[in-house]
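Colleague: Generate coordinates for the entire structure from the input sequences, incorporating the hints supplied.
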Amino acid sequence: MKKKKSFLEFVSDNKFIHILLSIILGFLIGAIFLVIMRLSVGEAYGRLLKSITSVKGITYVIVYAVPYIVAGLSVAFSFKTGVFNIGAEGQFVVGSMAAAIVGIRLGTLPKPVLIILCFLAAMAVGALWGIIVAFLKTKWGINEVLSMIMFNWIAFYLSNFIAGLPGIKSDGSAEATQNISDNASMLFPKEFIKKMDFAPTANWGIFVAIVIMIVIYIIIDKTTLGYRLKAVGFNKNAAEYGGINVNGSIMTALAISGALAGLAGALQLMGMGGRISIFSSQEGFGFAGIVVALIGCSNPFGVFVAGLFYGWLMYGGSKLNLVGAPTQLINVIVGTVVFFIAISVIFSNLKYLFRKKG
Amino acid sequence: MANQYLDMSTPVIEMRDIVKRFGDFTANDGINLTVHKGEIHAILGENGAGKSTLMNQLYGLLKPTSGDILVNGKKVDMSTPRDAIAAGIGMVHQHFMLVQPFTVTENIVLGDEPVKGVTLDMDKARKNVVEISERYGLSIDPDAKIEDISVGMQQRVEILKALYRGADILILDEPTSSLTPQEIEELIKIMHNLTADGKSILLITHKLKEIKESADFCTIIRMGKYIGTVEVAQVDENDLASMMVGRKVTFKVDKPEQEPGKVVLDVKDLRGVDYRGVEILKGLNLQVHAGEIVGIAGIDGNGQTELVEIITGLRKGTSGDVTINGTSVFNKPPAYGFEHGVSSIPADRQKHGLVLEFSIEDNLILQNYEKEPFSSGGILQRQKIFEHATQSIETYDIRPKQSEKRPAGTLSGGNQQKVIIAREVQNDKDLLIAVNPTRGLDVGAIEYVHKYIVEQRNKGKAVLLVSFELDEIMSLSDVIDVIFDGSIITTIPGKEADENYLGLMMAGGKKE
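Protein sequences, first through last, are from chains A and B. Taking this note's numbering, I'd label the letters of the first sequence as residues 1 to 358. Taking this note's numbering, I'd label the letters of the second sequence as residues 1001 to 1512.
Hints in this document: simulated from the structure, not taken from any laboratory. Be a bit skeptical, because a hint or two may be false.
Stated by the list, open to error - The list that follows gives simulated cross-link-like pairs (lysine-lysine, DSSO-like), each with its CA atoms no further than 30 Å apart:
#1 Lys1282/B / Lys222/A
#2 Lys222/A / Lys1063/B
#3 Lys1351/B / Lys236/A
#4 Lys1351/B / Lys1207/B
#5 Lys1405/B / Lys1207/B
#6 Lys1405/B / Lys15/A
#7 Lys139/A / Lys1189/B
#8 Lys236/A / Lys1316/B
#9 Lys15/A / Lys1459/B
#10 Lys1248/B / Lys1207/B
#11 Lys1212/B / Lys1255/B
#12 Lys194/A / Lys111/A
#13 Lys1459/B / Lys1268/B
#14 Lys1401/B / Lys236/A
#15 Lys1332/B / Lys236/A
#16 Lys222/A / Lys1075/B
#17 Lys1371/B / Lys236/A
#18 Lys1282/B / Lys1145/B
#19 Lys236/A / Lys1405/B
#20 Lys1384/B / Lys222/A
#21 Lys1401/B / Lys1459/B
#22 Lys1207/B / Lys1384/B
#23 Lys1145/B / Lys1212/B
#24 Lys1401/B / Lys15/A
#25 Lys1371/B / Lys222/A
#26 Lys139/A / Lys1316/B
#27 Lys1384/B / Lys236/A
#28 Lys1384/B / Lys139/A
#29 Lys15/A / Lys50/A
Modeller: So this is what it looks like as structure tokens:
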């Protein structure tokens, strides 16, 4: 007898619908908070929507989204290969700092050379940050989640320390590094931005993100490297039995993931920030990468769209105070969305429980 | 053997027209079952036929979608195992549920302990346990810890647990899967002692021989449907097998006489430790020639696992040597052994054999993904991989068809095993190691697996077969090596094998 699928089964079988539903629920719960605070839901959400009705707004969203997309690709890659790169935050920070050092100290190099050097430095240091953790895991079995969280803090204080060093620190009173050289900046030419009425920080970063998205898609789906890393990620026993070097694969996976997070840091610096402040708390780009990877189902194209969505919330959210709504509302929405996406694990486990017997 | 204790006028369990659905999947489709006082009733069916689902409904672990369950003529509603226990039903699961550091007595009374005031009355508990065990001839040591006793005794503890709770009806789920022949014989004796006392037994199994030896009636289930109930004395094993799978099954393995060739696998004075660091291989010697199947008979835990892991490179040995065609592969990584001629069907197909999340086509290239034609220049050649899978699915009868892109985890156990066999056989290596290659498979799939193993031998490959199924060892092997306590204690030609003698040797008996 054919029975119609239950609603829950339909939702958990169809990832896209499930994520869309989670997003809608996120906004609904956000609306409840707005009502509790006696604020107009229409006005607040209207403001969010209005933020992308202009060319300027759209370019802002894209600028905001670039680091989230690349950090999201970093975490998504780690998910696909069976390690949970919660250390993207630290890799982002050290990557960003490496790019800053190169961008400040070697500022006289020609633009294309300097930009590529900044990228390479950020990726190398990010990869190193990942490899150290992978080494601790494979050599002594140290849980990677714990060491990554600690490495996030090491990265944070290291960045603050370097930012205060002579030769790096700003000459003015600002608690930040000097600005990176114009030759390291990825901003579009000023006149072009003005003519097109783009956001003032409009930059080339989005094209780098697109290239990285395609490269990651190819690595995961089309190459023997991706095959090996995924095999280890899904079942390291079978991979080892099949002759794959498991420890080497874990190192490679975390190195690639770390390099991407480092690159995300460089893109944020070279596209938007221009310098690195001495922070009082972690900025959270790497953690946002986890959210973006989750919303994008760890699929490179999905992550790209999720990164744009996240960038929109961050940009649009910053305008909420114009209508008297707290910007933290965005965190409520994002938190709810992630919560409902995470529930899918429960859905599918329930289904599994019922199917398995027999 | 006629059972004079069987009382056909007193049904103790009736399951009427039981239907159980999970979503749109029907696991039980109108099953009828009647068990009488003093009866041993076997439930026979392939994997996934719905045997466990049926028993789980009787034991209150699942609720039927429709149908009635009657115990002693009264309709009962089994919502939890508690209800089943109250109705006098006890279940011994395939995987024992015992607390390892506790004693036998402590395990048996756990959850139903006799008390004196507020303290445990262990003396009384021990007395009760000894009394029940003597009554049914279940020999146990009430003071031994579970971790120190044999699998056979652990099973007797499980049976005692059910009896202690007043069970009149016992469900035994695949009770013989890890027992020696002697232990199986003893279990059958115990079952008869129980029925002599008016107890009834439901025996879930796919071993036809044991049904013939012990059961009075047998109910056959195929793909969730009730096929029928037969009086065991009236049918033979072939009848049972064909009712179970729905077609004729041959048990005879067609194995032509053949002179073995040169030595392929040579294991010399191998020593090694287990996961705890305790020495488990104590100078083991073993040879397998081309064109011969060498069967390793032995009880689990005598070093088989470690032996295979060392040969395949998953574990390092402490001393000795392992050579393939004269090349040492001792303490080399798995890929090295593979390059030099080792292929294997691992004991745990889901842990070692397959990446369940990977598609079938990807699983089929697990060792060869970096080689032509499956990849070139680091890029996977999807078209070639797909064609390879299509051809393998056809040749090795992997079902369902057109399943190249399906995750391996969605296949049945037998078909998962076919994927591994397709991969390992096509690797075309000189040595094939097969560890419990038919564990958990039904007769149809077993027949198939055996056919391929013998085919490899006929093609001149060396085959090392490690199995806890003595029947399998005896029907396939050209040479049988008995492993005990980390070394081979006797080697006999397969044709001369005798079950009792092998069983004795597996238990460590000395050759007289």
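Colleague: Need the list of violated hint numbers for this structure, in ascending order.
Modeller: 1, 2, 5, 7, 9, 16, 22, 23 and 28
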